[in-house]
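Spelled out from the first residue to the last, the chains are:
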Amino acid sequence: MMLLPLLPLTLAEKLANQLLHADPASSARLQALRGKRLRLTLRELPQPLTLTVVDDGVVFAVHDDNDVDCHIQTALAVLPELRDSANITRLIKADALDIEGDPMLAQRFSALFRDLDIDWQATLASRIGELPAYWLIKRWRQSRRWLTRRMAEQRDWLRDTVVEEKQLLVSAVEFAVFSDDLQALRARLDRLQRRLDSLPAEG
Amino acid sequence: MTDSQSERTDFGYQKVDKSAKAGMVAQVFNSVAAKYDIMNDLMSLGIHRLWKRYTLDCSGVRPGMRVLDIAGGTGDLTEQFAKRVGAQGEVVLADINDAMLSVGREKLRNRGVVGNVSYVQADAEQLPFADDSFDVITIAFGLRNVTDKNRALRSMLRVLKPGGRLLVLEFSKPVQPLLNQVYDFYSFNLLPKMGQLVAGDADSYQYLAESIRMHPDQETLKGMMVDAGFDNVDYHNLTGGIVALHRGYKF
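Protein chains in written order, with full-length UniProt numbering: chain A, 1 to 203; chain B, 1 to 251.
Chain B side only, calculated, beta carbon under 7 Å to chain A, not exhaustive: (1) L50; (2) Y54; (3) D57; (4) C58; (5) G60; (6) R62; (7) K83; (8) R84; (9) G86; (10) A87.
I should point out that these hints are in silico values taken from the structure, not numbers from a laboratory.
Model, not experiment: these values are computed from the prediction.
Built from N, CA and C at the ideal position, the CB exists for glycine as well.
With these hints in hand, go ahead and build the complete structure from the sequences.
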């Protein structure tokens with residue numbers, strides 16, 4: 001059982017390093033983090049994942065119990081929220097996150113991948129040749145445009161059906177009006193409460 | 001296991017003079033060196049890569065460290081260590097067998113692993129390095145071929161830095177009796193035939209199966225490491241105990 005997680009881990013490591021190598025700017029980012037180690041303990045995973053930055057990439061490990069520079073314990077769903085450092089204190093208070101060590105390190109690790117700027121056409125061209133790469137990228141862009149358009153159409157259709165035709169949900173404007181009314185009602189209630197509080201108690 | 005009274009030791013299931021074992025092991029590896037990698041993949045169905053990966057994970061190697069890969073053979077571990085220690089670190093690939101060392105050196109150079117790897121033909125029993133010189137020492141599938149294992153372990157302890165660790169990856173004893181039977185059948189019936197077919201050498205693979213059976217089991221090897229002076233010695237069984245990774249520290 002101890003060996004099973006090593007297969008996906010090796011594949012993930014390979015993919016991560018190929019992505020990093022596809023962007024020439026990664027080298028400087030890696031250099032700045034060389035030797036740093038981050039451990040992620042996710043509730044959804046049976047074992048903690050340890051990432052180490054080495055000269056030309058990152059190394060993933062699941063059976064590593066050695067010291068790290070930063071240890072994050074959280075749930076998978078919380079990870080995207082960590083991109084904004086303003087959320088960290090709130091998450092810690094809500095017991096959704098526990099950080100030991102340098103909290104900025106996690107953001108610098110994620111920036112390794114977030115800041116990737118990969119010239120996909122050039123990367124593909126070096127593997128499959130100029131022409132197939134050009135054709136593939138062109139088809140990819142066309143399909144993405146088609147998909148975005150189709151999704152927008154579907155969204156419009158769904159909105160029309162649910163809001164206008166079947167009237168299952170309120171429209172955004174109606175919801176805003178309702179929210180404003182509710183706000184006004186709450187203010188009136190508060191005022192009423194204050195007046196009640198200021199009345200002398202009956203003997 | 002060494003029979004100290006008669007100065008004889010085991011070579012597979014045979015008893016041979018202690019002085020003769022190194023030469024006989026050398027013959028085995030001279031014969032299999034060229035097909036070593038492909039046979040490893042075939043014999044273990046590729047699982048040896050996961051055993052080695054597990055060893056790497058447990059090694060705690062970081063950039064800048066000095067690593068000694070004893071009996072490093074064709075350099076599987078050395079290649080990964082070299083990547084992890086980076087330009088400021090160093091990996092020494094040591095093997096007693098020149099043929100294996102040559103195959104390893106050529107393979108690593110072809111893969112562009114240069115700069116932080118050096119190659120030394122060395123006997124594990126008398127390592128030619130200064131005291132306290134390595135952060136991590138590994139010996140993967142090598143200890144069972146060493147004539148005097150206790151002497152080799154003491155030699156490793158000597159060259160290890162205080163705080164450093166030794167990792168011994170070696171065939172061991174399967175925990176489940178059923179697995180043991182299947183494994184025995186595989187080792188003594190299929191393995192020599194595969195050796196004959198692929199490497200043209202059944203005897204060497206017969207020796208491999210026998211030497212595995214003669215190698216100390218998990219607890220015995222742990223005791224030997226403790227006796228040699230290692231601290232916090234523990235081990236983990238892999239693939240049901242077919243292989244075990246022993247770990248010991250020098251404090």
